[in-house]
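With the sequences and hints as input, model every part of the structure.
Quick note: the sequence shown uses this note's numbering, first residue 683, plus one each step.
Just to be clear, a hint being listed does not mean it is correct.
Stated by the list, open to error - Subject to a maximum C-alpha distance of 27 Å in a straight line, what follows is the list of computed BS3-like cross-link-like pairs (lysine-lysine):
1) 885 <-> 859
2) 876 <-> 701
3) 857 <-> 773
4) 832 <-> 701
5) 857 <-> 888
6) 885 <-> 857
7) 815 <-> 859
8) 888 <-> 839
9) 774 <-> 714
10) 773 <-> 714
11) 800 <-> 876
12) 701 <-> 850
13) 720 <-> 799
14) 876 <-> 832
15) 872 <-> 857
16) 876 <-> 859
17) 714 <-> 800
18) 895 <-> 885
19) 726 <-> 701
20) 773 <-> 720
21) 743 <-> 800
22) 773 <-> 885
23) 714 <-> 701
24) 701 <-> 815
25) 743 <-> 714
26) 799 <-> 872
27) 876 <-> 799
28) 815 <-> 832
29) 859 <-> 888
30) 859 <-> 832
31) 872 <-> 850
32) 859 <-> 701
33) 857 <-> 832
Bear in mind the hints are in silico, worked out from the structure with no lab data behind them.
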Amino acid sequence: MEEEDQLISSTNSSINYRKFYNWENSYDEDDKCGKLEKNLHNYKGIRELCLKLKGILEGFKFNRLYTLDDTHGCHVLNYWIYDYIFNEIIKKHSYENIASNITLQLLRSWDYIDPNKKCSLDSLLSNEDYFNKCKILYDYALDYETIADKIERANFKCSTEYNTYVEKAVRTYNKVKSECSVSPVLSNCKILEKIHEMHGVDKLSKLQCSGIKSPKLPSANLEGTYQGSHHTYAPQGISQFQGHSSPVTATAIVLPLIGIFLFLFMLYKFTPFESWARVHFMRKKIIQNLNNEPINIPEENTGNFVEKGLQLKTHIGYHPQ
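See below:
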């Protein structure tokens, strides 16, 4: 249970985004999503995003989401859309920042994607810095109660992931709060006002971990994962940490090898095999040295050498023991 508490993927905001990610794609009868991708120079992921959005806006129940109020489920969808654009399309495939171009093409196709006009696309979020501030702030407001409750437990220590999330969220919150005190007309100040209505003015600026837990390899999630301020998508049911050998497998490999080496050592040390091997290798070395040693024969003796060799050959025969 404690390990589950340490996972950012168990927070309200991550649960929201995972619901969108796992939702079924729509059927693109006229391939308008394919045409949308072609209009964007066939950038990978555009058609998938279009089909996913159309499926969500056709059948998803927005009352299933955690929100700051009951009327802002579309805010959550917009944060998911732009997180997908920045991380699953632009950064994953090392494209240039084409968020504004993608936004323009999505707006042109929005009547097809959202024929029932459930949500509108927030084009301001195509600015990545603005998007990051708004999303971190909104997610922090959704997750604050859950995280604060865990941190305040006796002897609770934050994982590195938890601590990083909290520090980044508090830093962003304080920055936006400072900016809004100077220019209250900024767009993200509306989110800040809603946060203050829910949590008060000072609570979110003071959250911190009282202790940090030693890093540990996380266990595999059974659901698709969606973690951190820049989230990592993973297909449902697939571990992000596949490929690690288990201790049982390692033991099954090592023990037979040790047995083989021990048997060979005993064979060599306590049987005639040692003497045979020594003689065999010495004989092989002598023959090799003889073969490699050059033989210099003076030209004037060449004829005698050949003649004696022939005579020697004729005298070689079988000699019974």
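Consistency of the hints with the structure:
1. 885 <-> 859: Roughly 12 Å between the alpha carbons, so the hint for residue 885 and residue 859 holds.
2. 876 <-> 701: Judged against 27 Å, a Cα distance of about 24 Å means the pair holds.
3. 857 <-> 773: The given pair, whose Cα atoms are some 25 Å apart, holds under the 27 Å limit.
4. 832 <-> 701: holds (23 Å)
5. 857 <-> 888: Between residue 857 and residue 888 the Cα gap is close to 13 Å, so the pair holds against 27 Å.
6. 885 <-> 857: Holds, at about 15 Å.
7. 815 <-> 859: holds (11 Å)
8. 888 <-> 839: holds (17 Å)
9. 774 <-> 714: holds (24 Å)
10. 773 <-> 714: holds (24 Å)
11. 800 <-> 876: Since the Cα atoms of residue 800 and residue 876 sit roughly 22 Å apart, the hinted pair holds (cutoff 27 Å).
12. 701 <-> 850: holds (24 Å)
13. 720 <-> 799: holds (25 Å)
14. 876 <-> 832: Distance ~23 Å between residue 876 and residue 832 Cα, so the pair holds.
15. 872 <-> 857: This hinted pair holds, its Cα atoms lying about 15 Å apart.
16. 876 <-> 859: holds (12 Å)
17. 714 <-> 800: Since the Cα atoms of residue 714 and residue 800 sit roughly 19 Å apart, the hinted pair holds (cutoff 27 Å).
18. 895 <-> 885: With Cα atoms ~24 Å apart, residue 895 and residue 885 stay inside 27 Å; holds.
19. 726 <-> 701: holds (22 Å)
20. 773 <-> 720: Roughly 19 Å separates the two Cα atoms, so the pair holds.
21. 743 <-> 800: Holds, at about 11 Å.
22. 773 <-> 885: It is violated: about 34 Å lies between the C-alpha atoms, which goes past 27 Å.
23. 714 <-> 701: holds (24 Å)
24. 701 <-> 815: Answer holds: residue 701 to residue 815 is near 22 Å, not above 27 Å.
25. 743 <-> 714: holds (24 Å)
26. 799 <-> 872: holds (23 Å)
27. 876 <-> 799: holds (25 Å)
28. 815 <-> 832: holds (24 Å)
29. 859 <-> 888: holds (13 Å)
30. 859 <-> 832: The given pair, whose Cα atoms are some 25 Å apart, holds under the 27 Å limit.
31. 872 <-> 850: With a Cα-Cα distance of about 20 Å, the restraint between residue 872 and residue 850 holds, given a limit of 27 Å.
32. 859 <-> 701: violated (30 Å)
33. 857 <-> 832: Holds. Residue 857 to residue 832 sits at ~25 Å (cutoff 27 Å).
The structure shown violates the earlier hints numbered 22 and 32.
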